[in-house]
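Protein chains in written order, with the numbering used here: chain A, -13 to 290; chain B, -13 to 290.
By construction, these hints were calculated from the structure, which means they are not laboratory data. Note that CB positions come from ideal geometry on N, CA and C, so glycine has one too. Heads up, a few of these hints could be off.
[Said to hold, decoys possible] With a straight-line cut-off of 27 Å between C-alpha atoms, the simulated DSS-like cross-links for lysine-lysine are:
| no. | chain 1 | residue 1 | chain 2 | residue 2 |
| --- | --- | --- | --- | --- |
| 1 | B | K182 | A | K278 |
| 2 | B | K148 | B | K115 |
| 3 | A | K182 | A | K232 |
| 4 | A | K182 | B | K278 |
| 5 | A | K182 | A | K144 |
| 6 | A | K144 | A | K115 |
| 7 | B | K148 | B | K182 |
| 8 | A | K278 | B | K278 |
| 9 | B | K182 | B | K144 |
[To be verified] Derived DEER-like restraints, expressed as beta-carbon distance ranges:
| no. | chain 1 | residue 1 | chain 2 | residue 2 | range |
| --- | --- | --- | --- | --- | --- |
| 10 | B | D73 | A | K148 | 26 to 32 Å |
| 11 | A | S178 | B | H119 | 45 to 51 Å |
| 12 | A | D287 | B | T59 | 44 to 50 Å |
| 13 | A | E286 | B | F134 | 33 to 39 Å |
Number of protein chains: 2
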Amino acid sequence: MSLLVVGSVALDTIETPFGKTQEALGGSAIYFSCAASYFTDVSLVAVVGEDFPQEHIDLLERRGIDTSGLVKTSGHTFRWVGRYGFDLNEAETINTYLNVFEQFRPTLTERHREKEFIFLANIDPDLQKSVLHQIERPRFAASDTMNFWIERKNDSLKSLLKSIDVLVINEAEARQLAGEANIFRAARAILSFGPKSLIIKRGEYGSLTFHNHSVFVAPAYPLETVFDPTGAGDSFAGGLMGFLAKTRNFDTENIKRAVIFGSVMASFAVETFSLERLANLDEGEIFQRYRKLREITNFEDFED
Amino acid sequence: MSLLVVGSVALDTIETPFGKTQEALGGSAIYFSCAASYFTDVSLVAVVGEDFPQEHIDLLERRGIDTSGLVKTSGHTFRWVGRYGFDLNEAETINTYLNVFEQFRPTLTERHREKEFIFLANIDPDLQKSVLHQIERPRFAASDTMNFWIERKNDSLKSLLKSIDVLVINEAEARQLAGEANIFRAARAILSFGPKSLIIKRGEYGSLTFHNHSVFVAPAYPLETVFDPTGAGDSFAGGLMGFLAKTRNFDTENIKRAVIFGSVMASFAVETFSLERLANLDEGEIFQRYRKLREITNFEDFED
Chain A
-13 MSLLVVGSVA
-3 LDTIETPFGK
7 TQEALGGSAI
17 YFSCAASYFT
27 DVSLVAVVGE
37 DFPQEHIDLL
47 ERRGIDTSGL
57 VKTSGHTFRW
67 VGRYGFDLNE
77 AETINTYLNV
87 FEQFRPTLTE
97 RHREKEFIFL
107 ANIDPDLQKS
117 VLHQIERPRF
127 AASDTMNFWI
137 ERKNDSLKSL
147 LKSIDVLVIN
157 EAEARQLAGE
167 ANIFRAARAI
177 LSFGPKSLII
187 KRGEYGSLTF
197 HNHSVFVAPA
207 YPLETVFDPT
217 GAGDSFAGGL
227 MGFLAKTRNF
237 DTENIKRAVI
247 FGSVMASFAV
257 ETFSLERLAN
267 LDEGEIFQRY
277 RKLREITNFE
287 DFED
Chain B
-13 MSLLVVGSVA
-3 LDTIETPFGK
7 TQEALGGSAI
17 YFSCAASYFT
27 DVSLVAVVGE
37 DFPQEHIDLL
47 ERRGIDTSGL
57 VKTSGHTFRW
67 VGRYGFDLNE
77 AETINTYLNV
87 FEQFRPTLTE
97 RHREKEFIFL
107 ANIDPDLQKS
117 VLHQIERPRF
127 AASDTMNFWI
137 ERKNDSLKSL
147 LKSIDVLVIN
157 EAEARQLAGE
167 ANIFRAARAI
177 LSFGPKSLII
187 KRGEYGSLTF
197 HNHSVFVAPA
207 YPLETVFDPT
217 GAGDSFAGGL
227 MGFLAKTRNF
237 DTENIKRAVI
247 FGSVMASFAV
257 ETFSLERLAN
267 LDEGEIFQRY
277 RKLREITNFE
287 DFED
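Pulled out of the complex, with its shape left as it was, chain A reads as follows (with noise of 0.2 Å):
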């Protein structure tokens, strides 16, 4: 019981180059705590309307995920409607309704201030402080933030920044953090703003990992078939930090471990809407693809 991720819980409305999908269950603290279940216990808070359907919290249950802490307010629940072109890079927003969300104001119950392992999804960067502060004993906190916070909010992000273990964004989000083109630069101007570690996502091009002083250059998983990005991100976050909740090892072979965990999750993420496979994969499956991962990028020394 030791991984607490704080984040949106939304109703998707989604047309992708393969097909549309009505008020699916989205939101990054559901891919996130999905993908973590599968290392660790999760305990989820985020906030819900009165119009949320129980199936879907039968679904975080039958995964073992802790809902104690999904709020339920009046009012409706977030609902994002967005749309992928053929390259699936960038969704485009169509519609965001943040209804019960604009409200939130996470207030932690005395169980979930003793978790020690914490998930800061995308949302206010005061909101992530205020979370943050009401952890007992943070052991490793984890954060993720997008442009319009770096561009609205980003004194409170900076502050943030400093009490992070590991910040997790997107490439896009990097260079704009930093005000640099070239990405390791950028790495370098995010690290001196104070976060232990980065990990910058980078979609099907993988992840890069700057963690006590080394880079670690990890893949997508090489899929012939992806049907919907969103959500891998929040499920690379999940991979991640539910494996290192699992094993409490920050060594850099470890952290690699995670974030190639991480790959494996985003991987499942992206293959149907929601959280149709997500949800339903045996351990096996995940190990064949870490395995697959691990064949697909070692390689040997040269002899001279």
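Use these hints to put chain B onto chain A, whose structure you have.
Structure of chain B alone, referenced to chain A:
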């Protein structure tokens, strides 16, 4: 004396966010042969005009490159004028003056027909075929191409691919050639056209190699200073083919090594304009980058 390259020799005028250069030595055959020269003997077949500076030929000869196939003909040398924006990912062509390159019809000498390792840089696929037919006993032939030939000489290109061991193209070209957005599906389609293997170059994201029914995901070398990306792809091919010509071993592990040496040579090419860095390396620098790439990508198995 086993590797032959047929391609362009150019005088490049380039503007990047970091500086400008005027009529600097460039062209696919130049970058390729310079990169390959650290691994094996290379012969270059290309054409220049009467205005081509002798100092450039001297530079190639200092690198031990056989320039007996560099034909000087009446007229001006091929010139390219281009520009890169801040993300450095795509060159904008401002002007192309083909000059003597327009009438380039490579005829190999007897000594050049005996070469076994052949790189057909990006030229008209009919010329690539003509060169390959002149080779007596090709052992391993690689080729590059570009959007222009994919659009205008599609049949010739596909006919060439049936005789090729490895096609080395960039990601956008792969998608265009296959008519498929997903890069792994695109690779499968291209392999069905005939080449035994396929390498897809992804710029700063590294490369994908499809060989013997396996895939190898290789990184680009991490650089905080990318000065001018011109020639990266041809330098990659030079490192790849140079190492293969030296080792004459096409098993999967050795192909991986060759690809990594490709990444290494590309990384030196982009650190300065023209060949300033690429022509002045020592073996130690090359081996050091190989080992660094291994360190930043290889990871261990997990323990159950």
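* Against the structure shown, which of the earlier numbered hints fail to hold, in ascending order? -> 11
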